[in-house]
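S.K.: Please model the complete structure; the sequences and the hints are all you need to start from.
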Amino acid sequence: MRRQLDQTTWTTLTERDNLTAMHGWTISYLYKNQDKDVFQKDFEREFSIRKSTASRILKSMENNGLITRQTVPYDTRLKKIVLTEDALKIHDSIMTRRAKLEQKLLTGIPEEKLEVFFEVMDAMKENIES
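Using UniProt numbering, the first residue of the sequence shown is number 1, and each one after it goes up by one.
Since the hints were made in silico from the structure, they are not lab data. The reader is advised that the hints may include incorrect statements.
Claimed, not checked - When the alpha-carbon atoms are kept at most 25 angstroms apart in a straight line, the in silico PhoX-like pairs for lysine-lysine are as follows:
1. Lys-51 with Lys-36
2. Lys-32 with Lys-79
3. Lys-32 with Lys-125
4. Lys-36 with Lys-79
5. Lys-32 with Lys-51
6. Lys-51 with Lys-79
7. Lys-41 with Lys-51
M.R.: Structural data, given as structure tokens:
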């Protein structure tokens, strides 16, 4: 359910910027990991995708000016993936719209009910993982 909601919200939030949901998730992942060197292998592992799929997504994002690939000083064969200024602006815009959407979703729902909802969701998640 959460994944479906997440996919729906990312699709809604990224339409305005002409991004695919995958581009939105990628921007979010890279934003959260700005303090690290993120390489294509990390990206493949994070999203459980094949090398060819990752390459296609990253090439598309590079062509659209959302990322650059930069050589790292400790190994010239490696290229880290870095968000551009345009991607950072898009991320901020998406987060603002996401906050408004979350506020709209939660309107009229008492805090106690939300707490119970999240407790149940956590229990369901634990059940799935065990």
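S.K.: Hint by hint, note whether the structure agrees.
M.R.: For each hint, the structure was consulted:
| no. | hint | verdict |
| --- | --- | --- |
| 1 | Lys-51 with Lys-36 | holds, 20 angstroms |
| 2 | Lys-32 with Lys-79 | holds, 18 angstroms |
| 3 | Lys-32 with Lys-125 | holds, 23 angstroms |
| 4 | Lys-36 with Lys-79 | holds, 13 angstroms |
| 5 | Lys-32 with Lys-51 | holds, 22 angstroms |
| 6 | Lys-51 with Lys-79 | holds, 15 angstroms |
| 7 | Lys-41 with Lys-51 | holds, 8 angstroms |
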